[in-house]
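Q: Line order of the protein sequences matches chains A and B.
Just so we're aligned: the first sequence equals residues 1 to 337 in our numbering.
Just so we're aligned: the second sequence equals residues 1 to 337 in our numbering.
Hints are supplied without guarantee of correctness; some may be wrong.
Short derived list, chain B residues pointing at chain A, Cβ under 7 Å [as the list claims (entries may be wrong)]:
no.: 1; residue: Pro256
no.: 2; residue: Gly259
no.: 3; residue: Val273
no.: 4; residue: Tyr285
In the DSS-like style, the derived pairs of lysine-lysine whose C-alpha atoms are separated by at most 30 Å in a straight line are [what the hints assert, rightly or not]:
no.: 5; chain 1: B; residue 1: Lys12; chain 2: A; residue 2: Lys234
no.: 6; chain 1: B; residue 1: Lys239; chain 2: A; residue 2: Lys146
no.: 7; chain 1: B; residue 1: Lys239; chain 2: A; residue 2: Lys234
no.: 8; chain 1: A; residue 1: Lys207; chain 2: B; residue 2: Lys12
no.: 9; chain 1: A; residue 1: Lys12; chain 2: B; residue 2: Lys207
no.: 10; chain 1: A; residue 1: Lys171; chain 2: B; residue 2: Lys239
no.: 11; chain 1: A; residue 1: Lys239; chain 2: B; residue 2: Lys234
no.: 12; chain 1: A; residue 1: Lys234; chain 2: B; residue 2: Lys319
Keep in mind the hints are simulated off the structure, nothing from the lab.
For glycine and all other residues, C-beta sits at the position ideal for the given N, C-alpha and C.
Protein chains: 2
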Amino acid sequence: MSEVNRIWRLRKRPVGDITDDVLSFEEESIPEPSEGAFLFRLNYLSLDPTNRIWMSDMDQYMPPVELDAPMRGVVCGTVVKSHHPDYAEGAIVSGLGVWADYQIGTPQIVSPMGDTRPVAVVDAFSTFTIVGPTAYFGLLDIGEPKEGETVVVSAAAGAVGSIVGQVAKIKGCRVVGLAGTNEKCAWIQDDLGFDVAINYRTEDVPKTLTAACPDGIDVYFDNVGGEILDACLKLMNFKGRIPTCGLISQYNATEPVPGPYNYAMILMQRLRVEGFIVLDFAERYPEAIATLGQWMAEGKIKVRTEIVDGLENALQTVKKLYTGANTGKLMIRVKDV
Amino acid sequence: MSEVNRIWRLRKRPVGDITDDVLSFEEESIPEPSEGAFLFRLNYLSLDPTNRIWMSDMDQYMPPVELDAPMRGVVCGTVVKSHHPDYAEGAIVSGLGVWADYQIGTPQIVSPMGDTRPVAVVDAFSTFTIVGPTAYFGLLDIGEPKEGETVVVSAAAGAVGSIVGQVAKIKGCRVVGLAGTNEKCAWIQDDLGFDVAINYRTEDVPKTLTAACPDGIDVYFDNVGGEILDACLKLMNFKGRIPTCGLISQYNATEPVPGPYNYAMILMQRLRVEGFIVLDFAERYPEAIATLGQWMAEGKIKVRTEIVDGLENALQTVKKLYTGANTGKLMIRVKDV
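Bound conformation, chain A alone (with noise of 0.2 Å):
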């Protein structure tokens, strides 16, 4: 085992986009693990939007990572040194950690992968943990999406974005996708069945969504928040539904953003607006990965993975999910399992 722990520090709080001086990437010794805790290496850590929540100190869904603490990450690791009888040595577990190649975890935050054939355990571990059972959960429990309804996504070329529409086409829902290169449009829209793809950085949105969706809005998946949501609200149908997943539109802003423009139309056509969590659904991820297990195998979905080498590239990586550069899951690889 190499003596060297390297890791990823939060020093300051970013202000508007992340910056090189937000963390800082440490050498520190490998942690000891208490009874009943045990030590893992890190395999692959996922990057994802709510990244920047944490190491913001806005009103959030837990704690913001504090200041010189690691920073926090999901994980997926392999045991190297175990107090407890239900992670041995060399076993595969994922959960919540920090973005170092050692680390400490516990039972609470950190569970067994299992036997995740025949998906490889990148594949599971970039679809099972977080991003699938958000499309699932969000679409499905929240969305409530009915056969020959309008489903709109935002992000939708982005890790859960692609599978929400997916999802909606399972369901027999009319889907339209909002993504930003015409490389995104193609992809969801030839390769995975999206009925309309609208590039909203060269199309004028209002315009183009209500070409679109000409029996308007039953369900919007909102992942970004801003003008998008503003341009959704207007077309929504009575008694539609907005699950809120992400607001990455803001997540950078330094000024106090505004709620959409279009707000009284929650009233007007009395809509619902609900935010979640994946983490809020913990007890029913099996019916998840089940489900989506079972329709990866059937061919009915698929998956997208952005995966970029080494943990010293963390920083620079994470930055493009604010730019929309990525496509698909966004991952750093340490080491393949």
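Place chain B on chain A using the hints.
A: Structure of chain B alone, referenced to chain A:
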């Protein structure tokens, strides 16, 4: 029967506050009911915040009043000529009508009041036609308050808000109300039993509200939108509910109104924001009326009505709703039943 029918017609869509030129008061001939319809004479005209919505061409929940058409209103009247077997001459009816002495009713939009005893017709019309069921269904069905939770209501001395707070007290909640004068605050706290009343015009709302809600807010019954909504969002508890009944702070706006700056709290605290209109609950009116009637008979719910005599005063009187100049249900009386 007088030969002349006085009638208010919409001549101009208001820009900002309602001005004297948006409606004109005309003398016209009395209409003749066709087969299946009936003619009724106005007794009471309900004045409601939604009147301003109907005058405008903003996005809304039913078509706006057309220019030059009679102004729409919720009315109570007495049948004077009938071509419908269920609506005998002399029957007291209520429903959706117009601001006119005489008007045509049909069973689709006007219903018999039935025997309202022991409640006087004026009180039954005042409480049971719109505001009581609005408070009842909005709070109980959308807000789902549980014993011991904290419920906040804006426009708390208004016709709907005052009932919302009293029903929440019946359900065992801590109730905080916001109103615009010290007299209104004294009424809801001393006479209606609210736990705390906040004068939003003279007090620092975010600060006072924080002090008034040491355990956060579980249900915010929103009648107003705007800054009060923002202050409440900031204090919402995990899985809080925001029944959205009205957004009166923005009905008279002349520029686009930004949504709440704390919109992201919907995501962070997994809130449910849900719009509703009492008409959506039309089938369950008997339940609301029976329950509210019982509570009123037991003295658990008190209502206050502000009655202004004379249809000719309708335009000047409706303006009061948008300046907070009224207390309790605002009505025009043409002729007592």
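Q: Tell me the hint numbers this structure goes against, listed in increasing order.
A: 4
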